Amino acid sequence: MSRQFFLGCALLAALGACPAQDSYIIVTVTGRAAVHDVKTLKVTLSNSGTMRTDELPFGEQPFPVTFSVSAPGRTGDLGVSVEGLDKDGLLVGRGAATSTLDVLTADVLLESADFVINTDFADDQFPSDDYEAHGFQVSAAPDGSTWTAAYRDRCNSPCNMFARRFDKTGRPVQTKLAASTNGFPMSTTPTTSVSTPAIATAGNNTIEAWDFNDPTAMTTTVGVACRSIDATGQGNPDQITVATDPSTDVVSIAPFGNGNFVVAWSAFITTGVIRAAVVRSDCTLLAGPSTVSTTASARKVSVATVGTTVMYAFVVDGGVRMRFGNTSNVFTSPTDLQFLSKTATENIESVRVAPLGTGFAVFVRWALSASFMGPGRIELYRTSATGAVLGTPVLVSTKSGSDFGSSEAFGVASRSDGVLMVTWHSCLTNGDGSGCGVWGRAFRENGTPVGDEFTIPTTTTGDQTNPSVAPLGDAFVVVWKDDSAQAPDVAGSAIRGRIIYPTQAAAGN
Amino acid sequence: MTAPLLRVICTFCVTLLLAGVAYAEEPEMRSAKRHFDRGQKLFTLGKFDEALDEYQKAYDASPLPDFLYNIGQCHRNLGDYEQAIFSFKRFLQLDPDAPNREKVEIIIDELEDKLEHQGAKKKDPPPPPPPHAESTPVYKKWWFWTGIAVVGVAGGVGVYAVTRPDGPPDTNLGNIVFTK
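As they're listed, the protein sequences go chains A and B.
For the first sequence, position 493 matches number 492 in numbering that gives the first Met the number 0, and the numbering has no gaps at all.
For the second sequence, position 20 matches number 19 in numbering that gives the first Met the number 0, and the numbering has no gaps at all.
Honestly, the hints are just simulated from the structure, not real lab data.
Remember, it's a predicted structure, so these values are computed and weren't measured experimentally.
Even glycine gets a Cβ: it sits at the ideal position worked out from N, Cα and C.
There could be a bad hint or two in this list.
Stated by the list, open to error - Calculated pairs, BS3-like style, for lysine-lysine (alpha carbon to alpha carbon, straight line, at most 25 Å):
id	chain 1	residue 1	chain 2	residue 2
1	A	Lys41	B	Lys40
2	B	Lys56	B	Lys32
3	A	Lys41	A	Lys86
4	A	Lys38	B	Lys40
5	B	Lys179	A	Lys41
As the list claims (entries may be wrong) - Only part of the chain B face toward chain A is listed, based on derived beta-carbon distances under 8 Å:
id	residue
6	Pro62
7	Ile106
8	Thr170
9	Thr178
10	Lys179
Please model the complete structure; the sequences and the hints are all you need to start from.
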């Protein structure tokens, strides 16, 4: 056998018979700050239509962590899906990457999962079940270090208003009112089952206010009640009466830079009116209450502040009217002003406002006037501090609801860098495939969208509805009513929340 | 002699040959594996300068062409594009049939574009020393390609030995074998 023949055979044999080079892909897994308490990583690999799932013990180590993958005999794309599970097997983070089998490394970023906010699980808990009042049930400290969710339970009068505080990563915070990290009651005098809380934070103080009806004297003791808590979670001894108006409804609160708050609400005083007061950080009255609206049949107010200016926006006859005020509850115009009017075919059903730079962001939800049903359209209008529209309206979504409830209120928030987040729920044909779902979409200060609308919950079984949103420095927190009956709250509805990051919004996951 | 029988015999010959090489170089291979594993870990952590040092030590211990690819990736991540191009080209010269050849060529093109974009004076990497100073181009010699093939096979087997399942990279959570 010649030398050439031997070496030729060697080459042929090596190429044809020797095993393929067995290399490794090192996968580095990192997690958002809101991904914590991971005990197990559930890793699913996919290639050429086949999958493999492994559970890797995580222990107590911090992110980032690494594992390797060898795939002898395989070629092409490699899908790597990673779920972080806590000690109870509940999802706390998830992420995915697509790589190829001829690279050395791959990276997976775990986004946070949603989690249950309430700590009493019996029966129903929810941020709001008033279709007009969704969107006002979470607030954050100005530096985004903590946030507080307001909620109530399924009470049959008497009822209480509750709250629970968390840090920016979604870890519950110890409060003096709870003497633990659990939820705690904010009301000190019971109200009725028609009440819905609103919440806002200025400086170190958070106030929760609600439409109040004393179940023992419903025709005489009514109005708006308020209670504050400080940075330690210590509350005022008692709730304070802000107003004694009849038939109060839909309370909205916005903070001033001086630590005070403007509180606005609907009431019925011969006609539907919007009323407002300015309160101090302990809920005591500073100015008001006074009547904001000057046009009859006003409803569904939303307030926001920029500097010393307050924007009151509310719905009248299928359109939006506005009025502006200051830190002393003095109005800048003698009457309210038309901002948007209904068209021949569409009404505005709900309006939500947020500060945006030196002006405001005004979100409106349109619906067909013939049916008051969807699918509807949410639009963003950017305005100056005096309400002059800047640029053209921006379409947020055309899928904001296809039933009556989802045709109504939604939540908006803005960060100090001008990034806006709007969140809403939608059902039936626009649901998430398992009943109603909650969606969000982010926008830059100039109105350009940061990605498409995306599903916010990671728990999507059953209905998710009635969302609110608050800014958290570089992120947002969204809370909503969850009817999944998934652990840890398997009894009726719960309140769930999720920390959302802007790049996540852009990626739509 | 039938083709299947010929193939079996040839496989046996190669196995014997490479087993002898592997046995003879076992201490070097162990050293290479150690440095390679360290390099992989450091690379994953983004410590490219330290990873580069380990890959170079691995190459010193066992000059497998594949290590040059890793060395090139370190230079690339460190922003040393000229050295990266040199390493990648050297890798392709020593392993012209590398399965990732197309990808490496794309990387080289990208790096050369970056060099031009930076306005840096682009320098061609020094050519590898010719194995023989003959008038006939070396790549037209039969033994060159055969030799490259054997070196490539030996290199492939060498890397296989370095990274086979009894020696997966050092990670926090271990290795997952995704069998076909």
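### Query
Can you give the numbers of the hints that this structure goes against, from lowest to highest?
6, 7
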